Structures are given as C-alpha cells and as structure tokens.
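A.B. asks: First to last, the sequence lines map onto chains A and B.
Using my numbering, read the first sequence as starting at 1 and increasing by one per residue.
Using my numbering, read the second sequence as starting at 1 and increasing by one per residue.
Please keep in mind that the hints were generated in silico from the structure rather than gathered at the bench.
Treat the hints with care, since some could be wrong.
Distance condition first, Cα-Cα at most 35 Å in a straight line; then the derived DSBU-like pairs of lysine-lysine [claimed, not checked]:
1. K65/A / K99/A
2. K121/A / K237/B
3. K470/A / K237/B
Partner residues are not named here, just some residues of chain A that face chain B (Cβ under 8 Å, in silico) [said to hold, decoys possible]:
4. N101
5. P105
6. G106
7. Q451
Some residues of chain A that are not near chain B, with every Cβ distance over 10 Å (derived) [to be verified]:
8. V100
9. S457
10. L459
None of the values given here were measured: they were computed from a predicted structure.
Glycine included, C-beta positions come from ideal geometry on N, C-alpha and C.
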Amino acid sequence: MKKLPIARPLSEPQLGTKWAKGVMSSRSVAAVVDHDRRNLLAVGSAALASAAFGLYAPAVIGQAKRFSGTTLNVSCWSASYPSLLAEYVPEFVEQTGAKVNYDTPGLPVYNQRADLELSTKGAGFDVLNITFIFTNRWIGNGWLTPLDPYIRDKNKTSTEFDFADFLPGAVAPLKDNKGVTYGIPWVTDSAMAIATRYDILQASGLGMPETFDDLERFAGLVHKKDDVDGFLTDNHWGFWYIPLLQGYGGNVFRNPPDDLMPTFDSPEAIHSADQIARIVSKYGPQGAGGMAYGQSNEILKAGRANLSFVTHAGGMSVAESSNKAAKTIRFGMMPRGPKGRFPGIASHGWGIPVGSKNKDAAWAFIQWAQSKALLLRMVKDKGLGSVTRSSIFSAPDYRKIIEVNGVDTGQLVLDTIKLGEQGHMKYRTVPVYPQINVLINQAIGRIISGQMSARESMLQAQASAIADLKRAGVRL
Amino acid sequence: MTAALSGQSSWTDRRGRELVWGLAPALAVLAALTVVPAIYLVVTSLTPLNLAVPNSEWDFSQPLGNYVGMFEDPRFVHSLGVQVKLSVASVLLQLLIGLGVALLLHQNTTVRQLARSWVLVPMVLPPIVVGITWLALFTVDISPIHRFLAWIGLPVGPLLTNPATALWAIVLAGTWQHFPFAMLMALAALQMVPEGPVEAARIDGASRWQVFWHVRLPFIMPTLVVAGLFILIDSVKAFPLIFIMTDGGPGDVTEVTNFYVYRQAFTFSLWGYGSAIAVLIMAGVFVLSYVIDRITTRNDGQWS
C-alpha cells in the first residue's frame, strides 16, 4: 500500500484541531497512479479544457474577468481539501478577475467565527463552509442563500457543473425540510471499523466484526495477543456511541428534528452505553477512555491497539505506508446492532451567507471549487482523497488510490453514505446538538472511569440534557 | 500672604487640571478596553442571548433569569466545587514549593544564580507547551515518569483518566508552571529581611528552623499572602491545561467554572448564561483584587 492522501476527520469541532494535516506529495501520488494516470489525464485535460471555456459557458462565457473589482471573502476550516484548494485559488483569480481573500482556520475557531458572522447576517464573508453539526442551525434560521435558483440558472451555471453528479447522500444534509439546497458538498466522511492487526484476527479464525456483540467478543479474544490491545477509539463518544445506541433501537432524541426530548434513560441507551464502556475499559490500553484523537491515532498507527472505529479519512491516515499498521490494516463497515447498521456520516459543503453582497461571484467560486475539472486535477496532482462526485467515485483510477490491502474503501464509503438515506443522522444536525454531544462525552466518560454505573450515568445525562435544552429555549 | 496662598491654590488647581488632561487619553483607552466590554458583559448577562434565537440580545423580560438559573444548575454548582479544590491546592502547593526553592536559592553563589534563571523557565513557557508536555508525561505508554515508576516496582496507572487523580494531575502541572512566581516573590522578600534580628537570634542560640520560623517568616508573610492571592486569581483563570489535558473529564471531574463558561458560550452559544457566570467570576476577582490592594496598602504604611 502506497502512501495515501489524508483528509482530516470531519465529524466534530473538538477533533478538528488535533488532526495532523497530511497531504501526499504530488510525486508520491503520481507513483500510485502511474499506470492509470493516462486515462485520468485524458479525462482531466478534457474536463479542464471544457472548464476553461465552459465554466461560464452560456451568457457569461464571453465576459472575461467579469468579476474584476470584486473582492470575495472565503473561509473554510483547515481540512485537507480546503487547504489544497488554496494553491489553486490564483487560477480562479486569473479567470474571473475577482480578488479572493481565502483563509482556513482550525475547525473550532472557524465554527465560532462563522456562527457569529452568519447569526448577525453580516457581509463579512461571501463563501463559507457549512459545518455538518451546524447545518440545521444555519440553514433553519435562514442565514444562508438558497442555491437552487443559481443551479437552475443557465446564465450562471455551466452544464459542466452537473449538480446531479453529487452523491445524494452528501447533498441531503445541506438541504432544508422542503428540499431546498443551501450547500455544495465537498466531503462526506463516513464512520467505519478497522483492525490494525487483522493478521491476529485471522490467526484466531476471526474476520471483521459484523455486529457489536461480535466486536466485543473478538476484542476479548485478541486482547493482548502479540502485546496488542483489543480495542481503541478516540474519546469522542458523542460520535462513536450513537451507532450502538441506534443499533439497539434507541436514539438521542425521541423523534429528531421535531421532537427533541432526550432519551438517554431508555433501556437501549443504558444497554449500549454499558457495552461501549465495557469494551473500552476491558480491552483498551490504559487510559483509553480519555484518549483524544491524536493519542489514539498514534497508537493505532503503531498497531498497538487492534479493532477501532474511525472515519474513512482517519482510517486512511492509519493506513499510510510509513505506519507500522499499513500492511496489516483492514477496513470494514461499522458493525450493526439488532435493529440495523447506523454509521456516522458527516457532510460539509460550500454555502453563501445571506448577507453577502457578491453572491454571483460567490456562486462562480463554488462552481469552480467543486468543478469536475478541478477536482480531478486535485486527485491527480495532490492525492485528494475526499470527494463527493459520483463520477469521480466511479473512476477506477480514483478507486485504486483509496484501495487498502485489497479492500475497496471507496465502496465502503459509498455503502455507508447510502445508509444515510435511513435518516438516522437527523439527531446530529439539530441546533442544540453541541450541548448533547458534551453530555454524552461526559456520560460515557463517567462509566468508563468507573465513577458511575451505566444506568446512573445515563439518568444523570438525561436530567442534564433536559435542563440544557430548556435553557436553550427548546420546548419539550 | 493671602495673595501667596491664592497663587499657590491656583497653581495646585492648574496642576490638577493638567494631570486630568494628561491622563485623559490613557484613561479613555483603558475604559474602551476594559470598562466598556465589562459593561457589555453585564448587560448581556441580563438577557437570554442565544445566537440562534433572533432578538434574544435585547430581551430583558427576565433580567435575573440567568442568575437565578445558575444556582439551580447542578453542573455550575459542581464546577464551583471543582474550582475551590483546584484553587486551594494550587495556592498551597505553589506557595510551599516556591518558598522552599526560594530558601534554597537565597544565598548568592554562582550555581544558585544559574539555578534561579533555570527555575524561571516553566513560567515563561506558553501554556499550550506546558499542556502538551504534561499530557505526554501523564501518558503511560510514553511517559518516562511512568516507566521509571514501573521500573522501580511502583507502577502508576493513567492519572488523567482516573477520576480520583485527574484534578490533582492538573494541579501538579499548573504548580510546575506557576511556582516560579511564588519563588520570585519569596526570594525578593527574603532578601529584604534585615540581618540584625537574624544575627540577634543566632547569638541567642536559635536553630536554623527557629530563625526561619520566628524571624524570617514573619517578615516575609505579608508578601506570601499577596503572592497567594495572585495565585488564587490566576487559578480562577485556569483553562489551557484543562482544555488540553482532560477537556473537563473524565466525566466532569476537572470542569472548573472558567471551563464551564467557555462551554456555555462557545460550544452551546448560550452567551447570556455564560456572561452571567463570567460576571460572577469577575466579581469574585474584583473582591480578591480589593483584598490585595488593602493588604499592600497596609504593608506600605507599615514599611514607611
């Protein structure tokens, strides 16, 4: 397995700053795609050529540098894609004449800045990332511009843009209840399972765990074999606990997004909390319950803990060729519970603040930033691993880049995104989820550290959640 | 005579006016930077300001709602308890270690002068560096401390994820970072102790401990009290180490009040509620500042 492009995990604010930025050099990507690059080049060149002339193909095509004199303020948090995009921005400036102020702060800083800017409906930014956990809040409050009029307008949108090419599961979180689109997704990160020492599982006659009970049993069977702990994931329980909770038939709220009564006191919530805490405390390394992403990821890279829950991007960082686990890592779907499989999914996309004074130029920027031509070049030149266009996903060259030890992780991503159609991520995009996320982290932390039983801790979380939601003005 | 007095009065008045005019720009800047934000904080604390709720910034229908709600919030009350534990432990440890090191470095020798410089290093490190350093030192797999303890047959489990030890691990890291301040204060005070009483006590046969306890300590005690109050104020501002090392956990055992404010305002967007707690912290710090001012003023009077 060659060195792979790394995107940051895209699920939560507190993780964002702790991920090291890792972008494969163009040389190493070129080595990966050497045999297949000719096709890719051909497609890319054709697309590039068409983009050069066709991005503003209809009425706008003749207007070279039609945004001269316009200054666009663009911001996104510092994931792999937006960081790579910075290198290409001068091309947009050259094509359109617009001046672009482009910045990529860390995720927590970005979220606070964007939240404040959007809530005041200011004109400080023209293009902003729509952070997944803020989608409901930002879209629901009318702080973003509907993009459908732009997508439908042939004078403003080239046919090359091909909005239908975006994965429906990636676009869905960026729409409101009426189906109006507010964002163009640039990534949909998917939760899955990995085994960093799959060889140990195989030697024990085991495969990847299919259910959470399998996971607990397998982790116990391989725990401490070859001095490797059975299970480890980072302490973001607000993300990793939910697949178990939903897998056993529970949920965070009674019926999100309409009924936000928390349901941490349900038997399913208590059972699943008990199980995840048991797995972590029995089969994890010392202190596993408190390990943030950076710590757990280093242990996984070294192959010192075996089974884990990761995002696709996080798993790919473990699979980098420089890591000890690279040759023995195995990817699999997030395990399921008796009620089904509910892996975490997080979409982020470009949007236009409602207060922007340069919406046409902003839309041109978004089209350019998510154009097939540019994305293909980023895949080819920079090893971009996170895409949301089905045409790129279905390209054999791209799939080969993200194949790991014979497992087509691209297919795992597609299957995971497909599962998003169940609508199980609705709990996460409600405006008050940040409060609930903290409460879940604390509740599971209390169980793992032995401060409380699962029942006591979840009942306390329930009481705290009700108080917090009432304080936030939620009617229960 | 009257004319002379009148002239003097006029000169005093003029000097007073010019002082006011001279200070006015600095006072204006100070007010803009501190008083205005503080007033805004107080005003915000009287509203249920939530960025997701339109017009909540001007909703004064329940001006004391946040303050009442605060004391009905068990997590806030819990955070106060955590804060008290952290502050008391920080003050005691930092003063004791600072004083102990100051006593060791009190004499002027070359080695001690070098040591004085080195001891100051933790204090000038950015908190983020201190946090990451101690996070590594408390991570069992990679920590030389844990390895050494295991090697001598005294293995210690992870301190940061153990609810019984997490807060004390934070206190330890904070003490390492901040004790040089107490050390500097104590050292300066020790050097101000007059030699006469010390010599007299020695001639009377007092032991080293008796000299310290009965002569030096009473001299430096006012300074130590002031240092302790400064450390107390500093402990109320504890944030970076907790943010980096425990994120308030495990559970909420290291969630001090300052960290709780951060969560309410920046994570939950409940700016009104967060502001109310911040106002309470600000009031507490004002009270402590007043106490420091009274003590230092009294000491100045004594010395003069």
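A.B. asks: All hints are to be evaluated individually against the structure, with a verdict given for each.
C.D. replies: Status of the hints after comparison with the structure:
1. K65/A / K99/A: holds (11 Å)
2. K121/A / K237/B: Cα-Cα ~33 Å, so holds.
3. K470/A / K237/B: The given pair, whose Cα atoms are some 28 Å apart, holds under the 35 Å limit.
4. N101: violated (24 Å)
5. P105: Violated: closest Cβ of chain B sits about 14 Å from P105/A, beyond 8 Å.
6. G106: Not OK, violated: G106/A not within 8 Å of chain B, min 13 Å.
7. Q451: holds (5 Å)
8. V100: It holds; V100/A is separated from chain B by about 27 Å at its closest Cβ, greater than 10 Å.
9. S457: Incorrect as stated: the minimum Cβ-Cβ distance to chain B is 8 Å, not above 10 Å.
10. L459: holds (13 Å)
The structure is inconsistent with the numbered hints 4, 5, 6, 9, although it conforms to all the rest.
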